[in-house]
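Asks: First to last, the sequence lines map onto chains F and E.
For the first sequence, my numbering gives the first residue as -3, with consecutive numbering after it.
For the second sequence, my numbering gives the first residue as 160, with consecutive numbering after it.
Incorrect hints may appear among the rest.
[Said to hold, decoys possible] Examples of chain F residues toward chain E, derived with CB under 8 Å:
| id | residue |
| --- | --- |
| 1 | Q42 |
| 2 | V43 |
| 3 | L161 |
| 4 | V244 |
| 5 | R312 |
| 6 | Y313 |
| 7 | R314 |
| 8 | Q317 |
Treat the hints as calculated values from the structure; they're not laboratory data.
Cβ coordinates follow ideal geometry from the N, Cα and C atoms, glycine included.
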Amino acid sequence: MDIFGDIPWYIYFAAMILKVLVAFVFVLLTVAYATYAERKLIGFMQVRIGPNRTGPIGLLQPIADGIKLFFKEEIIPAQASKFAFVLAPLVALVPAFISFAVIPFGDSIQIAGYKFPLQIAAYADKAGTVYDLNIGVLYILAMASLGVYGIVLAGWSSNSKYSLLGGLRASAQMISYELAAGLAIVCVFMVSQSLSLQAIVADQSGLFGWYIFRNPFLFVAGIIFFICSLAEINRTPFDLPEAETELVSGFCTEYSSMKYAMFFMAEYANMVTVCAVMTTLFLGGWHGPLPSVLNFIAKVYVLMFVCMWIRATYPRYRYDQLMKLGWKVFLPITLFLIMGNAIWMTLFK
Amino acid sequence: MNKETMTVNMGPQHPSTHGVLRLVIELDGEIIEKITPHIGYLHRGVEKLSEHRTYHQTIPLTDRLDYLAPMSNNLGYVLAVEKLMGIEIPERAETVRVILTELTRLKSHLVWIACHALDIGAMTVFIYAFREREKVMQLYEKISGARMTSNYFRVGGLSADVYDGFEKDVQEIVDTFPGHLDTYEGLLTKNTIWLQRTVGNGVISAEDAIDAGITGPALRGSGVDWDLRRDNPYSGYEKYSFKVPVGENCDTFDRYKVRLIEMREAISIITQAMKALKPGPVLADEPQVCYPPKENVYNSIEGLIHHFKIASEGFPAPEGEVYQGIEAPKGELGYYIVSDGGNKPYRMRVRPPSFVNLSAIEKMAKGAMIADLVAVIGTLDIVLGEIDR
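All chains should be modelled from the sequences, with the hints used to inform the complete structure.
Replies: Laid out in structure tokens, this is it:
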């Protein structure tokens, strides 16, 4: 079959399954320990200790939390729309993980004469040419937009007013910030001339090859993309959909047990994903002084640290201020950046 | 056009209604059309209970009014009873009372800044402020045996003299506190998001504030220069010099600034009072009213009988009525006592600042968004123990 190129189908599948397993388990572990790291880090920032009872320095805390949530009673409100209520956490969780399929998390490796690119949705033929999803960035944007359905469904199906308000806020917020984030990525396309993430990463070798350091416009675009990503995944200071002090717990007010855990995981998985996307698009992907995979992980973790740091520092925006920031500040700036970037590229070719 | 509003019931179980406040809000989208506060979930009948207790027995009830500022509540009550009885209290007791009520102001304002910041989403300030509050709590515990329900002041003075090392502990708080305030200011005052959330939020004009009967920092934030400590001094406040901060824009940010300056002024008052603190008795020489010293109670039969009489029977107060208002951390806390000549008040009425301040909530938050309402609740600094009594 020619879709596998000239490599045997069993090697293709074995490599694919192995990559899926390793990447999935790794993301899952990162998600679990991101909750721990966040509690510990913010604890240190706030002169607290953080979890330290379960296992050495609290290391088993995520597992204990998982077990606890798993055994909690499932509560479905009597007035809730049951099907949508159960479906919503799944719809939120799956897109959060699925974006990882196109992110190159390392350089290609050579095993037994075959070349394997460290990206789930990619393969290399015998000649060593790497093929990946040629519209990788669009795929990420598409999957990011899917995430909003889970939250809107949850807010609507719970039949609770707080959930509904949370869901409404989420839908408006995620859609508006997607726009600015998408336009910030356009600046990247202009430089890379490709939507394939392999090509984008390959173009960023060396520190000054990183897109964020290519020109001032890309630098600003990178920062705006990161801020918009924070808004898209509902992190502080844009955590309005679940603003505890206003909407109790927003869209997941009525959720309990594993269904709540899934929203929780989705939130952190989204954080891992946007940090990975940010790394890939602006921070040189896996390029760097360490072995390729470690570079990638280090960059993602640093970005996640920044997310947590922001959470410990900033208050929350108000709904109208958030919309104003998205539409009246970021959108015009990104449009200007695209223009500026074009001029820069023409002048300094 | 037919417009439908959504009714949201906020509280009594809600993370940001500061206890058991219940607000029924009419929402048009996220815009607030109408707010109806429902109170009474914490009603314990303090005023009625006090009609069945001797004057001394009511003091612990006052601890539980504004449980974030127990010593201020004690002070208002004992001042009212002392006014009724016409008792002069020793200078040392007066000075210690000032030190402790100003520390209470710090303690109460720390909870305010903590909860206000948390409501707006700044989590870290919350923890920092509680760390500092812990110092005051420990001092409370050392001095009265309880962290929150202090029950330390007595009619005629204090229940006991301060412990050895009190000056050192107070000095430590005084020395470190301005630095902590700078930390909060660093986290909030110049924070763009904080400014966006507080400037122009919950505006209430000076006239409206006076009409609603608002007192305390909320009134001064609206530009009214009124502070009972200066304008109607009690407990020797006329001896201290301090500034009364006043806001200009009548919004949440100005009230925030007013309270922060007030904390710095409280530190200055404490410093002055510490300098003025001289050794001496802490209880008035009024055997009819005051408890005898503890060593007399334990070592002499007369002392024991004296103690027993005061503890069981209390003391009769002259017929009449009296009102004493003090500048509590949240506003004017007043006690109105009517005596029919017996050993219990005929009627006691508490004028709680939070209750009156809460009445302005609709004026301050109407037409704003839910997030603004949360900020308004925070800036009013209400305590339900006081509202429901």
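Asks: Next, verify each hint and record whether it holds.
Replies: Here's how the hints hold up against the structure:
| no. | hint | verdict |
| --- | --- | --- |
| 1 | Q42 | 4 Å, holds |
| 2 | V43 | 6 Å, holds |
| 3 | L161 | 7 Å, holds |
| 4 | V244 | 6 Å, holds |
| 5 | R312 | 3 Å, holds |
| 6 | Y313 | 6 Å, holds |
| 7 | R314 | 4 Å, holds |
| 8 | Q317 | 5 Å, holds |
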